[in-house]
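J.: Okay, so the sequence shown: first residue is 154 according to the numbering used here, each after it adds one.
Accuracy of the hints is not assured; some may be wrong.
Stated by the list, open to error - In silico DSS-like pairs for lysine-lysine, Cα to Cα no more than 27 Å straight-line: (1) K266 x K328; (2) K465 x K439; (3) K451 x K478; (4) K465 x K449; (5) K439 x K452; (6) K465 x K266; (7) K401 x K328; (8) K401 x K452; (9) K451 x K465; (10) K449 x K398; (11) K439 x K449; (12) K398 x K439.
As the list claims (entries may be wrong) - Pairwise CB distance ranges, derived in the manner of DEER restraints: (13) V219 x K281: 22 to 32 Å; (14) K281 x M181: 44 to 54 Å; (15) K398 x G440: 42 to 52 Å; (16) A445 x S221: 24 to 34 Å; (17) N334 x C459: 35 to 45 Å; (18) E331 x K398: 26 to 36 Å; (19) G440 x P416: 35 to 45 Å; (20) D251 x K398: 20 to 30 Å; (21) E282 x K439: 33 to 43 Å; (22) E282 x D482: 46 to 56 Å.
In short, the hints are calculated from the structure, not lab data. Treat the numbers as computed from the prediction; the structure is a model and nothing was measured. No residue lacks a Cβ here, since even glycine has one placed at the ideal position from N, Cα and C.
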Amino acid sequence: MKTVRLGRTNLVVNKNGFGALPVQRVSMEEAGRILRKAYDNGINFFDTAHVYTDSEEKIGYALADVRSNIIIATKAAADTPEEFWRQLHLSLERMHTDYIDIYQLHNPAFCPKPGDGSGLYEAMLEAKEKGLIRHIGITNHRIAVAEEAVESGLYETLQFPFSYLASDREVQLVKRCEELNVGFICMKALAGGLITNAEAAYAYLDQFEVAPIWGIQRERELDEFLAFHDAPPAMNDEIRAFIEKERKELAGEFCRGCGYCMPCPVGIEINNCARMSLMLRRAPAKGWLSEAWQEKMKKIESCLECGQCMSKCPYGLDTPALLKKNYEDYKTFL
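Hey, can you work out the whole structure from these sequences and the hints?
T.: What follows is the structure, encoded as structure tokens:
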């Protein structure tokens, strides 16, 4: 079983961390069974967030009795110290624990620092002094914010999207984290579902000092990553050629499905509709062509072009134009 040290936290975690966002979509009993199976098979790192509805509760339900054996990372989507403290205490309560190993500021639009007027970093320091959290982290989708956070020396971990579709700048960010001893927690290693070859995804990431957290909802998904414990995929010429082909197919601007552009004023499910062309070609098309999905795509006709989605996109995409392009392509499949 491969492990990685999360920078100067000195926490050692599996290369197969458990991303607990998807378990909010299954029942308490099913989530508990999957989480416990992950633990029983050697996974020791679980990442969640305050805003992932009942994900934290499910971690508490499944793993409270083995708390001392696992590493928990969660996140506060707070704009004020008051909201920070409210979310922190609720997270502790939900997970039946008196401390959080890595507490992360959840995708802030700027890099919080002492004295910036937000009070967020000061709240982090106070929580650490009180023993409620052990390490200070940050997550982001904006590379400029991520770079600033890493260079600031204020954060012990960075959580950022990283996969074999990464740009050169994103690769340099990973290497800079290693140079500065900042733990890199890798989200969206499957690019929000666009990557369907888990072996290639794992082999690529294994070349770097990163800790992937795989979003797991179904037992068969967990089983696939558990198989990598005993036989981790290694980079070879075949996988390298496959990745190069994938990069060519996905070159250019595309929606990562992060969902930070939502909600849409007219109810468009942007995080899926804006990348429908790719999903149709990279997964069985039948499910995406159902009546329900036809109705969802038809909502694009009602786009107000208000620009809200575009202003919130961490990747700077022209989302309205992307939606229209995907809708026109979608209609050719009907």
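J.: Work down the list of hints and note, for each, if the structure agrees.
T.: Checked hints:
Distance check on the hinted pair: K266 and K328 sit about 23 Å apart at the alpha-carbon level, within 27 Å; holds. Using a Cα cut-off of 27 Å, the hinted pair K465 and K439 is violated, with the two alpha carbons roughly 31 Å apart. Distance check on the hinted pair: K451 and K478 sit about 13 Å apart at the alpha-carbon level, within 27 Å; holds. Taking the CA atoms of K465 and K449, the gap is near 21 Å; set against the 27 Å cutoff, the hint holds.
Restraint check for K439 and K452: the C-alpha separation of about 19 Å stays at or below 27 Å, so the hint holds. About 22 Å separates the Cα atoms of K465 and K266, which keeps this hinted pair within 27 Å; it holds. The hinted pair formed by K401 and K328 meets the criterion: a straight-line CA distance of about 24 Å does not exceed 27 Å. This hinted pair does not check out: K401 and K452 have alpha carbons roughly 30 Å apart, beyond 27 Å.
Pair hint K451 plus K465 holds up; C-alpha atoms about 23 Å apart against a cutoff of 27 Å. At most 27 Å may separate the alpha-carbon atoms for a hinted pair to count; K449 and K398 exceed this at roughly 31 Å. Taking the CA atoms of K439 and K449, the gap is about 15 Å. The hint holds against a cut of 27 Å. For the hint pairing K398 with K439, the CA-to-CA distance comes to about 24 Å; that is within 27 Å, so the pair holds.
A beta carbon spacing of about 24 Å between V219 and K281 agrees with the range 22 to 32 Å that was offered as a hint. The hint said 44 to 54 Å for the Cβ distance between K281 and M181, and at roughly 31 Å that hint is violated. For K398 and G440, the hinted distance range of 42 to 52 Å is not satisfied, since their beta carbons lie about 24 Å from each other. Taking the beta carbon of each, A445 and S221 are about 45 Å apart, not inside 24 to 34 Å as hinted.
Between N334 and C459, the C-beta spacing of about 43 Å keeps the proposed range 35 to 45 Å intact. For the hinted restraint 26 to 36 Å between E331 and K398, the CB-CB distance of approximately 28 Å keeps it satisfied. Checked against the given bound of 35 to 45 Å, the beta carbons of G440 and P416, roughly 23 Å apart, lie outside it. For D251 and K398, the hinted distance range of 20 to 30 Å is not satisfied, since their beta carbons lie about 49 Å from each other.
The beta-carbon spacing between E282 and K439, approximately 55 Å, falls outside the hinted interval of 33 to 43 Å. Checked against the hint of 46 to 56 Å, the C-beta distance between E282 and D482 comes to roughly 54 Å, which is consistent with it.
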